[in-house]
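Peer 1: Here is how the chains run, residue by residue.
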Amino acid sequence: MPVRIQEHNFDLTQEIALLRKDDAAIGAIAIFIGTVRDLNEGAAVKAMTLEHYPGMTEKSLHDIVDQAKDRWDLKDALVIHRVGPLMPQDQIVLVAVTSAHRGEAFAACEFIMDYLKTLAPFWKKEDTPEGARWVDARVSDDQAMARWAKK
Amino acid sequence: MKLHLRFFASIRESLGLAHEDIDLPENIKTIDDLRSHLITRGHPWTETLAKDKVLRCALNQQMVSVETALIDGAEVAFFPPVTGG
Numbered sequence: 000m001p002v003r004i005q006e007h008n009f010d011l012t013q014e015i016a017l018l019r020k021d022d023a024a025i026g027a028i029a030i031f032i033g034t035v036r037d038l039n040e041g042a043a044v045k046a047m048t049l050e051h052y053p054g055m056t057e058k059s060l061h062d063i064v065d066q067a068k069d070r071w072d073l074k075d076a077l078v079i080h081r082v083g084p085l086m087p088q089d090q091i092v093l094v095a096v097t098s099a100h101r102g103e104a105f106a107a108c109e110f111i112m113d114y115l116k117t118l119a120p121f122w123k124k125e126d127t128p129e130g131a132r133w134v135d136a137r138v139s140d141d142q143a144m145a146r147w148a149k150k
Numbered sequence: 000m001k002l003h004l005r006f007f008a009s010i011r012e013s014l015g016l017a018h019e020d021i022d023l024p025e026n027i028k029t030i031d032d033l034r035s036h037l038i039t040r041g042h043p044w045t046e047t048l049a050k051d052k053v054l055r056c057a058l059n060q061q062m063v064s065v066e067t068a069l070i071d072g073a074e075v076a077f078f079p080p081v082t083g084g
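Chains as they are written, first to last, in numbering that gives the first Met the number 0: chain A, 0 to 150; chain B, 0 to 84.
Read the hints as simulated data drawn from the structure, not as lab findings. C-beta atoms are modelled at their ideal positions from N, C-alpha and C, and glycine is treated no differently. Be aware that one or more of the hints could be misleading.
Short derived list, chain B residues pointing at chain A, Cβ under 7 Å [said to hold, decoys possible]:
hint: 1; residue: Phe7
hint: 2; residue: Pro24
hint: 3; residue: Gly84
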């Protein structure tokens with residue numbers, strides 16, 4: 000399964016071993032891991048909860064991975080996103096892309112992350128000393144996605 | 000037209016509602032019509048779905064623009080801009 004939504008943590012070594020298993024044509028693996036910071040918008044973050052839209056989340060991530068596969072010559076791709084309660088330093092998201100050469104893997108990994116940030120229905124709620132607050136979307140995320148628009 | 004409405008994150012919290020089945024009058028044709036219709040319900044709908052607030056909507060679990068035509072029996076969701084990753 001190229002897309003997984005789960006509450007529990009993931010093990011990078013194990014996931015990469017599975018992803019490249021028996022495929023000797025793979026020459027490059029690009030990996031991105033997003034983690035929880037203890038500071039956001041000037042406030043200390045004690046904990047975080049991730050909400051999502053079950054069903055739509057999986058669909059949108061599959062669609063993003065399919066778009067990446069259409070655009071670049073990839074061997075495979077994997078997206079794991081955690082939901083539920085998380086603490087600073089916890090892993091949130093893993094994007095791993097395999098290809099024959101590094102160019103495709105790097106580009107596709109970044110593309111998948113930029114699209115995920117803008118299109119996949121996840122929402123972060125932070126627990127700060129001033130109380131709980133929903134994280135605001137960033138304009139820079141829209142800009143990051145826009146640069147992939149086909150010319 | 001019958002729809003299944005769903006609300007997420009800050010929208011769900013401020014409405015105090017996660018989902019609802021609704022039967023709409025015939026003049027409601029688009030996502031934007033639906034939003035205007037819900038706004039007329041008064042507090043907390045009026046301020047939560049106010050047109051000056053940036054919201055995203057999905058029709059049958061696909062993100063769509065406000066001009067999109069509704070489909071009978073569809074699932075329609077309202078939520079704030081996404082913040083995953």
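Peer 1: Now look at each hint and say whether the structure bears it out.
Peer 2: These are the hints, each one checked on the structure:
1. Phe7: With Cβ-Cβ at 6 Å, under 7 Å, it holds.
2. Pro24: violated (27 Å)
3. Gly84: holds (5 Å)
Going through the hint list in order, the structure does not satisfy hint 2, though it satisfies all others.
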